[in-house]
Amino acid sequence: MTRTRDNTLGRTVSTLTLLYAAACILPVLMLFWSWQSFNKDSWDHLLTYLLPAATARTALLCTVVLLATAILGVSSAFFIGCFEFPGRSLLRVLLTLPLALPNYVIGFAVLSVIDYTGPVGIFDQWAGTTVALWLHQNNWVPAAISLTFGLYPYVYLMTLASIETQNRSPIEAAMLDGANAMQILRKIILPLTGPSVSAGLLLVLMETLADFGTVATFSYDTYAVLIYKVWYGLFDLDTAAQLAIGMIFLIMPLVLIRARWMQHAHATLSVDYQTFQFEEPSRLRRWLLCAALTSVLLIAFGVPIVTLAIQSIRYWPSLGTLIPVIGHTVTFAALAAVGALVSAAIQTFLRSRSNSRKTRIILLEYANLGYALPGTILAVGVLMVITQTSHLFPFLTGTIAAGIIGLVCRFQIISAQSLWAGFLRVPRSLAETARIDGAGPMATFRCVYAPFMRAHIVVAFVLVFLETAKEMPITLMTRPFGQDTLAVKIFQFTSEGEYGMAAVPALLLAIIGLLPQVVFIVRRRRHI
Amino acid sequence: MTRNIALSLLVAIGAATAAPITFADVTVYSSRQEHLIEPVFNDFTKATGIKVKFLTDAEAPLIRRIKSEGKNTAADLFLTVDAGNLWFANSEGILDQIKSEVLEKNIPPHLRSPDNTWFGLSIRARTIVYSTKRVKPSDLSTYEDLADKKWHGRLCLRTSKKVYNQSLVAMMIAEHGEKKTESIVSNWVKNLAAPVFPNDNKVMEAIVAGTCDVGIVNTYYFGRLQKQDPSMPVAIFWPNQNTTGVHVNISGGGIVKHSKNKEEAKKLLEWLSGDAAQKVFADANFEYPANPMVEPAAEVKAWGTFKQNVINVNKAGELQQDAVKLMDRVGYK
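These protein sequences, in sequence, are chains A and B. Each residue of the first sequence is one higher than the last, beginning at 1 in this note's numbering. Each residue of the second sequence is one higher than the last, beginning at 1 in this note's numbering.
It is worth saying that the hints were derived from the structure and are not from the lab. Treat the hints with caution; some may be incorrect.
[Claimed, not checked] For lysine-lysine, the following DSS-like pairs were computed, each having C-alpha atoms within a straight-line distance of at most 30 Å:
| # | chain 1 | residue 1 | chain 2 | residue 2 |
| --- | --- | --- | --- | --- |
| 1 | B | Lys149 | A | Lys40 |
| 2 | B | Lys333 | A | Lys40 |
| 3 | B | Lys180 | B | Lys51 |
| 4 | B | Lys179 | A | Lys40 |
[To be verified] Pair ranges (Cβ atoms, derived):
| # | chain 1 | residue 1 | chain 2 | residue 2 | range |
| --- | --- | --- | --- | --- | --- |
| 5 | A | Val519 | B | Glu299 | 46 to 52 Å |
| 6 | A | Ile257 | B | Ser183 | 24 to 30 Å |
| 7 | B | Lys180 | A | Thr55 | 28 to 34 Å |
| 8 | B | Glu295 | A | Arg314 | 27 to 33 Å |
[Said to hold, decoys possible] Here are a few chain B residues that sit away from chain A, every Cβ distance over 10 Å (derived from the structure):
| # | residue |
| --- | --- |
| 9 | Leu55 |
| 10 | Ser131 |
| 11 | Asp139 |
Each residue gets a CB set at the ideal place from its N, CA and C atoms; glycine is no exception.
Could you build all of it, start to finish, from the sequences and the hints given here?
Dropping the structure here:
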C-alpha cells in the first residue's frame with residue numbers, strides 16, 4: 001500500500017520535474033527550429049576563418065577569469081570568514097559592491113584607464129614605454145581584468161556563506177595537531193567549501209561565455225561575439241542560433257560533472273552555526289589584511305565609480321528626464337526577481353524530492369541553462385514562444401510578460417542556487433520532528449524552513465534584482481512602449497558614442513544597486 | 001520588513017499592469033536613438049496634430065521583433081541607420097512600397113531603394129581624418145591610397161564589425177571587384193599602428209595621442225569631438241575627389257508592411273524629408289540633410305563641400321555579406 005503510494009508520488013514528482021524543466025528551457029528549445037535551414041556558405045566561412053580562433057580565445061578568457069575569480073573570491077572569503085581585523089564587518093558587505101555595476105560599465109572604466117589618452121597612455125608618453133599598446137594588442141588581459149572584478153563577488157559570496165556555516169571540529173582538531181592556516185585552508189576548508197565555490201565558478205563561467213558588452217569594448221572576439229557577428233553582419237540569424245546551441249552543448253557536460261560532484265558532496269556536509277575563527281593575527285598582519293581587501297574594493301569598485309563620476313559631471317542636468325526610467329528599472333527588476341524566486345522555490349521543492357534520482361537532478365540542472373546564452377539570442381527564443389502561443393494568450397503580446405519570462409529564464413539559476421544552499425542548512429531532524437508532531441506542510445514551512453532560509457530568500461531576491469536592473473539585451477528587445485530602463489538608456493547613449501551622457505544612467509544604476517547592500521549593512525548592525 | 005517588500009511589490013505590479021494604454025497615431029521602431037529623433041517628432045506633432053510613439057533598439061533585433069510580431073505589430077514606420085540595414089529589412093519582407101511624389105522629389109535616387117521601399121533622410125559621410133601635426137593634406141588622396149606602404153604603422157581603424165566599415169568595403173567591392181578590394185583591405189590591415197578600435201571616437205583620440213596619423217571616421221563623430229575641443233589637432237580630408245567621391249551612407253526609413261496607419265506613417269516620412277524637419281534631423285547630429293535643397297549646419301558647412309559617391313546605397317546592403325567575409329579573410333577584426 002505504502003509502496004504504491006510512494007510510486008505514485010514518485011511518478012507525480014517526475015512528471016512535475018519534466019514539465020518544470022521543459023517550461024524553463026522552452027525559449028532555449030525554440031532555437032532548435034533554426035536547424036530547419038542550414039547555410040553551408042556561412043558555416044564554411046566560420047569554420048575556415050573564425051570559429052577555431054574564437055573558440056581558442058574564449059577558452060583562454062574563461063580559464064583566466066575562472067582562475068582569477070577563484071583566487072580573489074576564495075581568498076577574500078577566507079580572510080573575512082576566518083580572521084578578525086579592522087573593518088572586517090564592513091568589508092564583509094562592501095566586497096560585494098561590484099555586483100551593483102554592469103560588467104560592460106567596468107569594462108568601459110578599465111578601457112578609460114588603459115587608453116592611449118588615459119592614465120596608462122599618459123604614463124607611456126612620460127616614460128617612453130608602450131604599455132597601452134601592449135594591453136590593446138593583448139586585449140584578453142583587460143577583458144579578463146574587467147570580468148574578474150565584475151564576477152568575483154559570486155565566488156566570494158558563495159564561499160563565505162559556506163565558510164560561515166562550516167563544521168568547526170575538523171579545523172580545531174587540525175589546529176591541535178599544529179597545522180598552520182595555509183594547511184587548514186588547503187586540506188580542510190577548500191575541500192569542504194568545494195561545492196559552494198563550484199556553484200560560484202559555474203555562474204562565472206556561464207556569464208563569461210555569454211558576455212558580449214565587455215569583450216566588445218576591447219574588440220576581443222569570443223564565441224559570443226561571433227554569434228552576434230553572424231546575425232548582424234551576415235544577416236544570418238539561423239546560423240547564429242545554431243552557434244548558440246553549440247555553446248549550450250559545450251557547457252552541458254560541465255553542468256553534469258558538477259551535478260554528480262554536488263550529490264556526493266552534500267552527503268558529507270554538516271552544519272554548525274558557530275563561525276570558526278583563527279587566533280587573532282599580529283597587529284601588522286591585521287592592517288595588511290585590511291589594506292589588501294580595501295585595495296581590491298577600491299580597484300574593482302572605486303575606479304569605475306570615479307571614472308563614471310568624472311565622465312558624467314557635465315550631463316547631470318539630464319537627470320530629470322531619467323526619473324520615470326528609474327521607476328521602470330525598479331519595477332522590471334522587482335517583478336523578475338519575484339518570478340525567479342517563485343521558479344526557484346518550485347525547483348528547490350522538486351530537488352528536495354529527488355535525492356537519489358539522477359535523471360530528475362539532471363533535468364533540474366538543465367532547467368537553468370538559459371544563463372549560458374547571450375541575452376539577445378535568448379530573447380529571440382522568448383519572442384518565438386510568445387509568437388507561437390499568441391493565440392492562446394493574446395493579452396500577453398506587447399506587455400511586460402515577454403521580458404519577465406526571458407529574465408526569469410536567464411537569471412533563475414542565481415536564486416535557485418541561493419535557495420538550495422539555504423535549504424541544505426535546515427536540519428532534517430527539525431523538519432521531521434515538526435512533521436511527527438503533526439504540523440502540516442505550510443506550518444512546517446513557516447516554523448522550520450522560513451526562519452533558516454530567510455537570509456537566502458533575501459539574497460536570492462537581491463541578486464536577481466541587481467542582475468535584471470543591469471541586464472541590457474533581453475530588456476531592449478522585449479520591453480513595451482515607453483518602458484525604458486536605465487540599462488536601455490546606457491545602450492542608447494553608448495551606441496551613439498555619447499559616453500558622458502551614458503555615465504549618468506550608469507551611476508544611477510550603481511546607486512540603485514547599492515541600496516539593497518545598504519539594507520544589509522543596517523540590518524547587520526542592528527543584529528550586532 | 002517582509003510586509004513592506006510585499007506591499008511595494010504589489011504597488012509595482014499594479015503600476016506596471018494598470019498603466020493606461022494610449023494609442024498613438026504613428027508608431028515608430030527606430031535604431032536611430034531617442035535624443036536624435038524625439039525633437040523632430042515633437043515638431044511633427046505640433047505641425048500636424050498626429051502623435052508619435054517610438055521604441056528604440058539595435059537594428060537586427062528590431063527587424064526580428066517586427067518579423068516576429070507579424071500582423072500584430074504595432075510598428076508603422078521603421079527608422080534605422082545604414083543602408084545595409086534598410087536593405088536587410090526589405091529583403092526580410094517587412095517593408096511596403098511607398099508611392100509619394102513628395103519623397104521622390106525631395107530625396108535623390110541614389111539615396112533611396114530602387115523599388116521605393118525605403119528613403120534616406122540624412123547623409124553620413126565616412127571620410128579620412130588626419131593629424132594636423134604630422135600629416136600634410138597633400139600626402140592624402142584616396143581610401144585606396146591608405147593601403148600604400150608609406151602609411152605603414154600610421155593607420156588607425158575601427159572594428160570591421162561596425163556596419164559603417166562593412167558598407168565602405170561593400171561599396172569598394174562594387175567599384176573595384178572583390179580581388180582588388182581584398183588586396184587594398186589586406187594592406188590596410190598591414191598598415192595598422194594599433195589593434196582596431198571599438199568606435200570612431202577612439203580612432204581620433206589615438207591620432208591625438210600620437211599612436212597613429214590617419215584614420216577613417218564618420219564626420220559627425222569628428223563634429224562632436226571638435227565641439228568639445230575646438231583646438232583638437234585633427235582635421236577632415238575629403239578623399240577620392242578626382243575619382244568616385246566620398247563614401248556616403250544614410251539614415252532612413254520605410255513603412256512597415258503590416259502597419260495599420262500607413263497614411264499617417266507616409267505623412268511623417270514625407271514631413272521628415274521636407275525643409276524644416278531635414279534641418280533639425282541632420283543638425284541634431286552634425287549630419288548632412290538628404291534633401292539637397294536644405295543647407296547643412298554652419299559647423300558642418302565649415303568642413304567644406306565635397307563630391308559624394310553616387311552609386312545607389314542599396315549596393316552596400318547587397319554586398320554587405322561579401323564585405324564581411326572579405327574582411328574576415330584578410331584578418332581585419
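Evaluated hints:
no.	hint	verdict
1	Lys149/B x Lys40/A	violated, 37 Å
2	Lys333/B x Lys40/A	holds, 22 Å
3	Lys180/B x Lys51/B	violated, 50 Å
4	Lys179/B x Lys40/A	holds, 22 Å
5	Val519/A x Glu299/B: 46 to 52 Å	holds, 49 Å
6	Ile257/A x Ser183/B: 24 to 30 Å	violated, 49 Å
7	Lys180/B x Thr55/A: 28 to 34 Å	holds, 32 Å
8	Glu295/B x Arg314/A: 27 to 33 Å	holds, 29 Å
9	Leu55	violated, 6 Å
10	Ser131	holds, 13 Å
11	Asp139	holds, 22 Å
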